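Let's have the full structure, built from the sequences with the hints guiding it.
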Amino acid sequence: MTFSDLDDAFQELERRADAAGDLVDRPGSGRPRRRNPSHPIRIGAAAAAVTAIAVGISFAAFGGASRHVGGASNPSAPSGTALVRDSTAASAAEPPAVPATDVPATQAALIARFGSILGESATFTVDHANSTDNLITGVLTSDSGTRGMYVLELDKNVAVCGAMGTVGQKSTPLPCPNLTTLADGSKLEVDPDFPDGPPDGVMNDAILSRPDGWQISLYTANVQGKYYGAPVLGKDPALTVKEVTDVVTSPEWLTK
Amino acid sequence: MISAQPVGFDDYVVRNQRALMRFATVLSGQTWLADDLVADVLGRAFERWDRIGAVADPHAYVRRMIVNEHLSWRRRLARTTPRADIKMSECVSDGAHEHAERDAMITRLAALPRKQRAAVVLRYYAGMSDADIAAELGCREITVRSQISRALATLRLGLTGDAPVLAQESR
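Heads up: the protein sequence lines correspond to chains A and B, in order. Following the working numbering, the numbering of the first sequence begins with -14 at its first residue and continues without gaps. Following the working numbering, the numbering of the second sequence begins with 3 at its first residue and continues without gaps.
For the record, the hints were derived by calculation from the structure and aren't laboratory data. Please read these numbers as outputs of a predicted model, since none were measured by experiment. Do not take every clue at face value.
[Stated by the list, open to error] Take a look, some chain A residues computed to stay more than 10 Å from chain B by CB distance: (1) Gly104; (2) Asp112; (3) Asn119; (4) Pro236; (5) Lys241.
[Unchecked claim] Anything over 12 Å on all C-beta distances counts as not near chain A; from chain B, calculated: (6) Val9; (7) Gly31; (8) Asp132; (9) Ser151.
[To be verified] FRET-style restraints, in silico, Cβ to Cβ: (10) Gln19(B) to Pro216(A): 35 to 41 Å; (11) Pro216(A) to Ala155(B): 43 to 49 Å; (12) Ala113(B) to Asp185(A): 43 to 49 Å; (13) Thr109(B) to Thr108(A): 30 to 36 Å; (14) Gly129(B) to Arg0(A): 16 to 22 Å; (15) Ala113(B) to Thr110(A): 45 to 51 Å; (16) Arg152(B) to Gly104(A): 25 to 31 Å.
Beta carbons: idealized from backbone N, C-alpha and C, even for Gly.
Here it is as structure tokens:
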């Protein structure tokens, strides 16, 4: 093997990218759409490429008119008070008015929101070199002194556990034992898996997929950094699963 | 740093979509995954384009978003969850001897740990310095060099081999 082989590999991958050629800019849509019907994408987000912006605007326009009912009184309870919605009944019933997600526009606003939600329960640092407007990461320290990394992400129209398949084909339901549907239709996933984590790594996370397509995720772990090989800081992450869930289901993420 | 003349989103996409798709494909090794990465990132960038389009180098920012997205925990989680109908495309040799080494290299690239692969792509594809890669990946330069060194060993590329050809994503 030589470096020319590496360059050849890059060129071949470029050729494949060009051949895929399925990103077409649709004038006025503001984002590209997919043309290749055979490549796998998330069924839950299949319509997102074209409608994401319109949906966002729609929820933004109407979301503030009413308040969230089910989760607002106790938004931190992921299962006890949460209603698991029957899909048949739900489709026949009038869809509940759900407030839109109030998405911070800047990294500074995201940091401020996170701090406001955490209150006195924890402090945190921000690794700006590894953060963007929709993702902040750093080290959390709980009020009891427990330290560990965190990643807080806001994203739109991404996968919900158990809903993935190939466009044009019937999707196969996948086991997703840690997925709970909340009263407002949000889906809460608590996934204890720690991909690429160290042997003693523990991760507490919660991923909330809101009805308007926004996903609020918080990962905490008992390690120093985001990547494999980061040193272990303690036995447990700085926040428990309950506390992590409290953050992602906080009413502070909802439009007032 | 704020750019004197903000770039419009449509103009940016027209000019850079191909380069982004190429970069994402080299980074991820999969065209369908690159498609997802670019679509997700551009969708997100669109909603914040008033700020992104005003920075000095919007392309660098968007490319960084792609790297972050590729390295994000959510995507790692997605890949550790069994999925139906999802099959990573194989690097199939076309049978020609001259392509065998190239295909073997693509297979080895695909097998690299994600951060090592990102370091290699940023160094030898995007032509970035170790310092810039360190800033992009949020680690120290020595870590970048270590990651690249290990990656090159896995790729069976000796440091005494041919001089690297620094491919540019914009070509």
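Quick rundown of the hints versus the structure:
1. At roughly 24 Å from the closest C-beta of chain B, the C-beta of Gly104(A) stays outside 10 Å, upholding its exclusion from the interface.
2. With a cut of 10 Å on Cβ distances, Asp112(A) falls inside the contact zone with chain B, its closest approach being about 6 Å.
3. Under the 10 Å C-beta cut-off, the non-interface status given to Asn119(A) relative to chain B is violated; the minimum distance is some 6 Å.
4. Its beta-carbon lying about 22 Å from the closest one in chain B, Pro236(A) satisfies the requirement of being farther than 10 Å from that chain.
5. A cut-off of 10 Å between C-beta atoms confirms that Lys241(A) is not in contact with chain B; the least separation is 20 Å.
6. At the 12 Å boundary, the C-beta of Val9(B) stays outside the reach of chain A, the nearest C-beta of that chain being 14 Å off.
7. Chain A draws Gly31(B) into its interface by the beta-carbon criterion, the shortest separation being 7 Å against a cut-off of 12 Å.
8. The beta carbon of Asp132(B) sits about 14 Å from the closest Cβ of chain A, which is more than 12 Å, so the claim that it is off the interface holds.
9. Non-interface status of Ser151(B) relative to chain A is upheld: no Cβ of that chain comes within 12 Å, the nearest being about 14 Å off.
10. Range check, Gln19(B) to Pro216(A): Cβ separation about 40 Å, and the 35 to 41 Å hint holds.
11. A C-beta distance of roughly 24 Å is found between Pro216(A) and Ala155(B), which places it outside the suggested range of 43 to 49 Å.
12. Distance hint check for Ala113(B) and Asp185(A): the Cβ-Cβ separation is about 26 Å, which falls outside the suggested range of 43 to 49 Å.
13. Taking 30 to 36 Å as the suggested C-beta distance range, the pair Thr109(B) and Thr108(A) does not conform, at roughly 45 Å.
14. Between Gly129(B) and Arg0(A) the beta carbon distance is about 19 Å. The supplied range of 16 to 22 Å therefore holds.
15. At roughly 34 Å, the beta carbons of Ala113(B) and Thr110(A) sit outside the given window of 45 to 51 Å.
16. Against the hinted window of 25 to 31 Å, the Cβ-Cβ separation of Arg152(B) and Gly104(A) comes to about 42 Å, which falls outside the hint.
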